[in-house]
Structures are given as C-alpha cells and as structure tokens.
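Colleague: The lines below spell out each chain.
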Amino acid sequence: MSFHTEGPPIADQRVPAGPIETRWDRRRFSARLVNPANRRNRTVIVVGTGLAGGSAAATLGELGYRVKSFCYQDSPRRAHSIAAQGGINAAKNYRNDGDSVHRLFYDTVKGGDFRSRESNVHRLAQISVEIIDQCVAQGVPFAREYGGLLDTRSFGGAQVSRTFYARGQTGQQLLLGAYQALERQINAGRVEMHARHEMLDLVVVDGRARGIVVRDLVSGEISTHFADAVVLATGGYGNVFHLSTNAKGCNTTAIWRAHRRGALFANPCFTQIHPTCIPISGDHQSKLTLMSESLRNDGRVWVPKNPHDTRKSNDIPEAERDYFLERMYPSFGNLVPRDIASRAAKNISDEKRGVYLDFADALKRLGPLAVEERYGNLFEMYQRITGDDPYKVPMRIYPAVHYTMGGLWVDYDLRSNIPGLYVIGEANFSDHGANRLGASALMQGLADGYFVLPGVIGDYLADGPFEDLDDAHPAVADTVSEVRGRIKTLLAVDGDRTVESFHRELGRLMWDECGMERNEAGLRKALERIPELREEFWQRVKVPGSGAELNQQLEKAGRVADFFELAELMCVDALHREESCGGHFRSESQTPDGEALRDDARFSYVAAWEFTGEKPVLHKEELVFEHVQPTTRSYA
Amino acid sequence: MDTIRLYRSTIGKKAVMAVTGAVMFLYVVVHMLGNLSIFAGPGALDAYGKFLRDINVVWPTRFGLLIAVVLHFIAAYQLTAKARKARGRYEHRRPVQGSYAARTMRWGGVVIGLFVVYHLLDLTAGVLNPHGVHGEIHANVVADFQHWYVVLAYAVAVVALGFHIRHGVWSATRTLGVVTSQTIGLAVAVVICAGFLSVPFAVFTGLVS
Amino acid sequence: MKLTLRIWRQHGSSGRLVEYVMDDLSPDMSFLEALDVLNEKLILAGEEPVAFDHDCREGICGMCGVMINGVAHGPQKATTACQLHLRHFKDGDVLTVEPWRADPFPVVRDLVVDRSAFDRIIAAGGYVSVPTGSAPDAHALPVPKPDADTAFEAAACIGCGACVAACPNGSAMLFTAAKATHLGVLPQGQPERYQRARNMVAEHDALGFGGCTNTGECTSVCPKGIPLTTIARLNADLLKAHTTRSDR
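Protein chains in written order, with our numbering: chain A, 4 to 639; chain B, 55 to 263; chain C, 11 to 258.
Read the hints as simulated data drawn from the structure, not as lab findings.
A portion of the hints provided could be inaccurate.
Claimed, not checked - Computed spacing ranges between beta-carbons, pair by pair:
{"id": "1", "chain 1": "B", "residue 1": "Tyr154", "chain 2": "A", "residue 2": "Lys395", "range": "55 to 63 angstroms"}
{"id": "2", "chain 1": "C", "residue 1": "Glu57", "chain 2": "A", "residue 2": "Pro310", "range": "26 to 34 angstroms"}
{"id": "3", "chain 1": "A", "residue 1": "Pro371", "chain 2": "C", "residue 2": "Val28", "range": "40 to 48 angstroms"}
{"id": "4", "chain 1": "C", "residue 1": "Leu27", "chain 2": "A", "residue 2": "Val221", "range": "16 to 24 angstroms"}
{"id": "5", "chain 1": "A", "residue 1": "Lys395", "chain 2": "C", "residue 2": "Leu27", "range": "52 to 60 angstroms"}
{"id": "6", "chain 1": "C", "residue 1": "Pro146", "chain 2": "A", "residue 2": "Ala34", "range": "49 to 57 angstroms"}
{"id": "7", "chain 1": "A", "residue 1": "His105", "chain 2": "C", "residue 2": "Pro146", "range": "18 to 26 angstroms"}
Glycine residues also receive a C-beta, built at the ideal position from the N, C-alpha and C atoms.
So that you can see chain A by itself, here it is in the shape it has in the complex:
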C-alpha cells in the first residue's frame, strides 16, 4: 500500500541561470526595490527570534520596514540558537590553509550528500565571509590569539580550519549580537516586539500570506496580526522525537500550520543525529544535552574491544581499546561528519553503554590549562550532569537527535510556494541537503536573516502595500475560529493521560522506526501506529486549566498534536526515499561494508510534500549538479 500520491514536479523559478559565482549578485540586481520612503508603509511579521529571525527583524527594521516580531519565550534572547556550542564556518582563509568560497561550497554540497541545491549553497559560502565581519563589528567576543586576530578550529567534514568560535558558547554570543541589534530597533520604534506569544496559524487571504493568529501565553488571548509579508524563523522539529538536544519549547506548530495552509514541506525525513551527546540516565529524562563537535578536535572516540567488558574505562588497557573512527576513516579520523560518526557509534555500541570520548592524550599533549581554555565550560557542563570529571575519566557519549535539515520548501528568494510567506533558518529546507556539517547552522541562520532575506524581500513588497484587513474578513474569521475550536477541543477531552505521556510514546516510536536507521517494515509499522496513537491522544489527553490564562500544558498539547501529524509525514517521506543519504539511512540500501548507498538515478530530487487532508502529494524538484559531481562520499 502506498501512503502518498505524486503530483507534478516543481522548480525553483527565481534562481538566475549562468555562472554560479555571480548568481546572487544578479538576483539582487534583478529583484525590485522598495524606496526608503515607502518602506515605512510595508509591514513584515517575523516569527521567531533566533539567529535567523532575530537578525532578519533587526535588519528589516534598519532598512525602514515596519516589523512585528514574535517569540514564545519571555525574551527574544532565549531562542534555542543560544545553545549552539562549537562555532560558525566562514571561508575567510585567514589560516592560508587552502580554504576558499569554492571549497566551503564543495564541502557543504558533499557533506549534504548531494541532496542540496548548488546555487543556494554557493551563496551561503559567499555570504559566510560577511557574517564574520558583521558579528565582529557588533562586539561578538570571538576567541582570539595573542596577536589579537581571530582564532579558528577544525570541524567535522572539513580538512581546513575555518570555524570561528567563542569558547563553547558561539551560538549564545552570536544570538546576543542579533538580539542586541534587534533591541536597538525596538528602542528606535521600528520593531514591535511580542514576547510570550505563540503563532497558532497562518492567515492566507486571496492566496497571499497576510498575517498570523497568535495566543498571548500569559493572558491566553487569541489575536490576529496582519502584514504585507510573513517570515517564519521558527527553527526545527527535532522534538518530534521527544528526547532531543532542542529546547523543551521547540516545536513544529508554526511551519506545520503553514504547511496545512498550503506551504510545501520538503525532505521532512532528513534529520541529523549528533554523535556526541550525554547518554540517557533514566525514564525521567526530559532532554538530551549535546557535547560540542569541537570536542572531536582533541578527544578520541573508542569502545572496549570486548563489548561485554565490564571494567571501568580507566582500567581498560590501551591494547584492548578500539578507536573505531580512526580505524575506519583514517584520513578524517575522529572528525568525520556527524551522520557517519553517529551510525558508527550505533553499530558498535548501544544506548546504555555509549562510547567513550577520551581526552587523556590531549591532556598529555596540551596540558590541562590549554584543554580548559578550549573546552572548560563543556567539561563543567558534563560534570554537572553526570557527576563525572572528564579531566580524569573519559566522557561517555551517545548519538541524539539534534537538527532537522528538512523544513518548508522555499525558492532561491527563501519564499515558500505561498506568495508572501518566507521561511528562513532551520525552519526551511534549503542549504544542508541530507546532512548538515558542523558549524553550518549558525552560518545559514545568519546568512538568511542578515543578508539573503533583506536582499530580496523587496521584490515582493514592491507590489504592496496590500489591502487593509480586519478580523471581520471571512478568511481571517475562519482561521481564528479554527484556532479557538482546536483549543476548546483540547481542553474538552479531559481524559486520563498526560500530554507528556503521549509525547514520550510518539518519540520512542519515531526514534525506533524513523531514527538513525530506517527500513520499510519499521516505517510501515510506524505509519500504522501513529494514527492510532493520534486518535488516542484526541480521546484520552488531559489538559487541565482553561484557555484564558498562562497554561503550559495547553501550549504543550497543541505542539504535540502537530507533532503527530508531522511524524506521519516524516515516515511517509522516509518510506518513499528508498536510498540512503546523509542523515537518512535505509538499511535496505547500503554498501557491503555498511556505508550509505545513494541512488542518484532515482532520488536526486527534493521531496516537497503538499498537504491535502488525505494522502500527502509528492512534488519533486530535480537537483542539478554542474559544479560538484555527485560521488560516493568518502572520508576514509
């Protein structure tokens, strides 16, 4: 039985043809502009205040647009970009180690296992250089060397040192830069900030995205906000797995609701499992904590040669340790890309035992001070959570869900197929293909927010301002009443199971059947089970309290309800893609030595899914490779 149908193919209409190096320039030139005096009467809604949303709202405000910014947290500074640890890539070639825009472009296309668009990735590599300049000028305290110049380090999937960092808090420092720029615009009256507001639906009028329906999380009030364009920067959906490295509040509701209103959802099954996270300690576990990939610069990953070895890590002699990444991938060693490291760890160990990440060599080679300088705060965090001291005992790590490459489909202008709806950052699918390289998420979020979106959104806004709207408009009234209806239904069930228990069960199912390794039987099983579970959710969930107050269970219930629908689409996508690529590993499609086997002849396309209410409809966007020839990804 097929779980989907296929519709006509689609294509990116806005990317210019011709030499890839000048495509972005040419697109910026061909995009229409809104003259500065007219920008005041164009309103843009930006949902989410992470690196992408924060930088976009600030930059659009600087340009003179009227911006309304929304976030569910109590302050825009808390968006989960803040948790990114390791760094941000940029093709600066400050090290003179052979880096270039073309090499970053090449590494990213290859790292994404040839499932991303060349044009987008090339633009990302070009802009990477400007991002570092911008952030340094904002006062982001990047790590520096004694000469006063910026330090860099290496990250997975690259043989050059192009990752700029601020100890283990790069995401925090970059986000604070964007947040400060945003607060400056708020102070100047150009951005209207709505914290503790959650977007619950998209308002589409006459085929255009014209606003959003939000719930004030403190008062419970439902209200509408209108604009000439809506930008979604609401991050990824890794929390569909319940346990992930995402913040507890991260959710899919904004993009899922937009999907239900017509926006195509691309490559939903492409999820990234990060190899170095702290293993689960018990059933009470509420989230997983990442240990930055940068640790693999100096830490060595190993398991006991005897899988039943019960000795403590320090008691296992050198000869009985298997440094499996160094053994299997001698040229990249511990720095292979995330998907490869994660699967290797899974194949060689399990969740309970984990694998060791050992700094004994680095401590000997560099001394404890240098190690502390580089990783001090990560070591402290590890010790706080586990009670073990990584300066003395090797860390125990295991892979965990971390990032979602999939997201709403967008064209070269980051515009979805709904006119006026833009999607930026992790919320879109655009630049990472089937696997994201470390330190590229921060790069993409800021590229989208600071440079790409502000560079082209004028092309759409030049047609505005569009007609004034109010709540009486039938399309608006319908959307609002649907939102109210959903909340009412959730509160009315009054069953006997908590939202959390459903989320946990869904997450376990997704991790088992649509996690690091997928196969047809498992996905079919999940596709049977998810609708049952969803049905049960709507019959038995218990949401206490009312809608007219701060009600955290109600917030969570709405998010989990959407995860159920998304989970099904992820499994449909994973089932239909009968190949292995990047973060999507189908056990039916592997080489004799267990590596991912891509099928370019059949699957070199972006899978963009249309919501119908029945079976989802697949639209394929063919991927064309002119500059990087798809090869078998080899890191050996």
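Based on the hints, put chains B and C in the right spot on chain A.
Modeller: Showing chains B and C alone in chain A's frame:
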C-alpha cells in the same frame, strides 16, 4: 559636568556617598592622629586644641563636615528607600553572604550618627562631660574614661566605625571605579580602631591620667 | 529518594506555599525534572500543575530560575536550576521553592516572573550601532587577547535574573554592568561607551531596580560567575560620562 543628572542615578548617589565618605574618613584620620597627642605628655592635647583654634580651622572644618554628613545621609536615605521598594520579600531567604561589615552599613551608620551626637555633647559642648571645661581637653577626656560605661559606649561606636570603614573604603573606591582588594579596607579599619581605642583604654587602665 | 517541596503557588495577586511530598525521585534527575514528575502527578490527580519557566535545560538560555531554600538557582555554585541535579540534596530534605522576587520582576503565576525589564535595559543602549552590511573586515581591528577574554567573561551573562533575585537591594547592576563591560572593553564598543553607560543606568534606575552596595550577593549566585569588578568598571564609565563628556 552634569551634576544633577548624575545625582539622579543610583550610581551618582553612591558617588556622593563615596566622596562625602572620603571627606569624613580624612577627618577621622586627622582626628585620630590628634587624639594620639595625649601620649606626648600632659598639656600636649590641650596645646594641639589651642593650635587648631588659633589657625582658625575649627569652624570651616565643622561646616564642611556638616555638609558631608547631610549629603551622606540624604543619599543613603534615598538609596535605602529605593532598595526597600525594589527588593523581593521571601518566605525563606538565606542570610546575605557578604561580610558582616557590608550587611550592617545602614544600621552601623545610624549607630555612628547617634554616637556623634553624644560625642559632640560630651567633648565639644561639654554638657554631658563630668569635667566639662572648655579648652581643658585633657582633663575632660580623663574625666570621661574613668567610667566603664563611657569607655564601653565609646568602644562600641569605634568598632561600628571600623566596620563602616572596612566596607566603606572598599565599596567607595569601587563606586569611583577603582578596584581595590578587601584587605586594604580591613587594614585601614583595624588601624583606625586601634588608634581611637588606645586613648580610653590608656586612661581607664591608668596609663594616662 | 524522598524530598518535600514547599512550592509557592500564585494565581492572581496573592499566593502561598503548598507542600508536596515526593518519594520516588532519582538522584540523577535534574531539579526541573523533579518538578516535571510532580506536575504529571498533579495533572492526573485533577490538580493544576506548577507553572515554571524553562526552555533549553542545558544552562544557557537563562529562562529557568527559582529560589531554592532562599538561594537563587539552589545550592550548587555556578549552576542554573535546570542543571542542578538531585544528587546535591540529601534524602528527606525539605526545600522551599519560590519565584524570583523584586519589584521590577512581577510574578506572573506560581514560579513564573516577568523579566522584560532586562530587555528594556539592553534596548536602552546595550548594543553596538552597526547596521547590517556596514562592517569592515573582521581582521581590520585586532583585539588584544586579554581584552577579548575580559569581554567574553562578561558576555557570558545569560540574563536569568538570579542577581536581582538575590540582591538585598533589588539591584540589576551586575546584569547592566556585564553588558556595559562586554561592549566597553572591546574596540568596537568604544564610540558609544559612555553614552551606553549613561543610558543603560538611567533605564535601570527608571525601571525601579535598587542601587548597588557591593555586598556581592549577585556574583555569588550568578550561574556564569560574572565578576563584581564589572560593576566598578560601569561606575567608572558612568562617572566619566557625566563629568567629562558633553555628548548626550
């Protein structure tokens, strides 16, 4: 210079406290050194007092100190009022971890203020002094410290002053933007206390009569 | 392990402590996970769960924060409530759990407070005015490593509000000074340095925070260990702003 706007800010008020505190501190140091002249033999303290009156520094000093005290008090009062409104009230609160000196600045200041009133009535106006003759400073001091309760009151006030100075020196320098160590404040406070306490104990134990 | 939690419950303008006995906790749980367990029980028992702010649960977003036995973020130094694990308590301990309290941080519900005052302090001047696209090459301006390190140490502030909650004066000076120091020691932040100090402190005071008396309570509970010297630095900048600079 933008004095009014500066004073409106909490840091400006603190700066006023720091500067007026420094003025009073300097006075306290000179006062202590003057007191120590009692050890130079009978008549030395009275001569020192006469010298001060002869060079006409007494009233200008009193006037300057009065301004310092008033400003110090007003700023402290305003800051305290603001802090009282701002601070949270907890059902269960851990005692403040800072030093005893830091915690007792406000009440310590009140204790010192009350003592100063008594001290002026005692040794300046002479109305509360057992001897109480203008210009006979040595005799007044010796008459005072025959009584254990006067010594005790004096000692309590001097210790309060020591605590006040200990946190005050440290905090005031920071308020004025200079980072100093807490040891400096402590050392200064110990010296001041020792200097002031030496006189009553010397009288009480009969070393000076 | 067993813990007795006395939790502040507030819906509306007044509240009270309510006692909950939990006897099936694991020492490996985080403090917030213990609250999760409590809430699951309350929901199934038909009671209102305890509202508390949290998000990243890895000690970096600054959203969580409660007073545990009168100490902001609880007994473990340099640790947010979400990273505090129950192994730091003894079996049978009684813990009083209260929201941050300060006049500019009104309680929203239970343990949730409104910290938007912090955003307003940043909006008043906690930034470098550099519109997107106007930046010179990142290496155009070298920064001495000690300055970069000082800036980083101050920039590590997560804006959780523990400093205010702990301060006997209800002062947000450590928060304000952290940002002023972060930007004030970097060459990129120099042009606006004094104006920034003046505007941020004026906003801090206008929002109703108290003045600093250098008791150091803030830094002792700060999960990121922001040093008290940042406040001295801000004091110096503010005095200089008002005494020698004419720009407003």
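Colleague: Please write out, lowest number first, the hints stated earlier that are contradicted by the structure.
Modeller: 1, 2, 5 and 6
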